[in-house]
Amino acid sequence: PSFCFVFKITLLITDGRQTQISDRNEPTPVQVATAIKNRGISITALGIGAADVIQLKNYASTPLDTFTVDDFGQLDAKVIEIAENLCPSKLC
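Numbering (our numbering), first residue to last: 1 to 92.
None of these hints come from the bench; they were simulated from the model. Just so you know, even glycine gets a beta-carbon here, dropped at the ideal spot from N, CA and C. Please note that the accuracy of each hint is not assured.
Stated by the list, open to error - Cβ pair distances, simulated, as ranges:
id, residue 1, residue 2, range
1, N85, Q20, 29 to 37 Å
2, V53, I9, 16 to 24 Å
3, T10, A77, 17 to 25 Å
4, D23, C87, 32 to 40 Å
5, A83, D15, 17 to 25 Å
6, K78, N25, 30 to 38 Å
7, I54, K78, 15 to 23 Å
Given the sequences, and given the hints that come with them, work out the whole structure.
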């Protein structure tokens with residue numbers, strides 16, 4: 001028999017810097033990320049430019065789930081690399 005695993009994965013792409021929240025009732029990005037992780041969804045965080053690495057680690061499921069690129073020109077290649085590592089076609 002062949003087995004196929006289903007993973008719930010979110011790729012968060014950000015500049016890694018907290019913006020000011022206009023509504024005090026609005027959850028912070030870290031609170032949202034925590035809620036997502038509590039639902040069993042893995043978060044991989046990809047920062048662009050001068051992304052705050054500490055913020056990325058707060059969003060990601062583990063510190064190993066954080067990546068950075070210097071600029072938008074590198075974004076496509078990095079997203080493809082991450083996707084190929086997260087979702088290898090050989091699983092099914």
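Here is what the structure says about each hint:
A hinted range of 29 to 37 Å for the beta carbons of N85 and Q20 is consistent with their spacing of about 34 Å. Between V53 and I9 the beta carbons are some 21 Å apart, a value that agrees with the proposed interval 16 to 24 Å. For T10 and A77, the hinted distance range of 17 to 25 Å is satisfied, since their beta carbons lie about 20 Å from each other. Checked against the hint of 32 to 40 Å, the pair D23 and C87 passes, with Cβ atoms roughly 35 Å apart.
For A83 paired with D15, a C-beta distance near 20 Å keeps the hint of 17 to 25 Å intact. Roughly 35 Å separates the CB atoms of K78 and N25, a value that falls within the hinted 30 to 38 Å. About 20 Å separates the C-beta atoms of I54 and K78, a value consistent with the hinted range of 15 to 23 Å.
The structure fails none of the hints (numbered hints given earlier).
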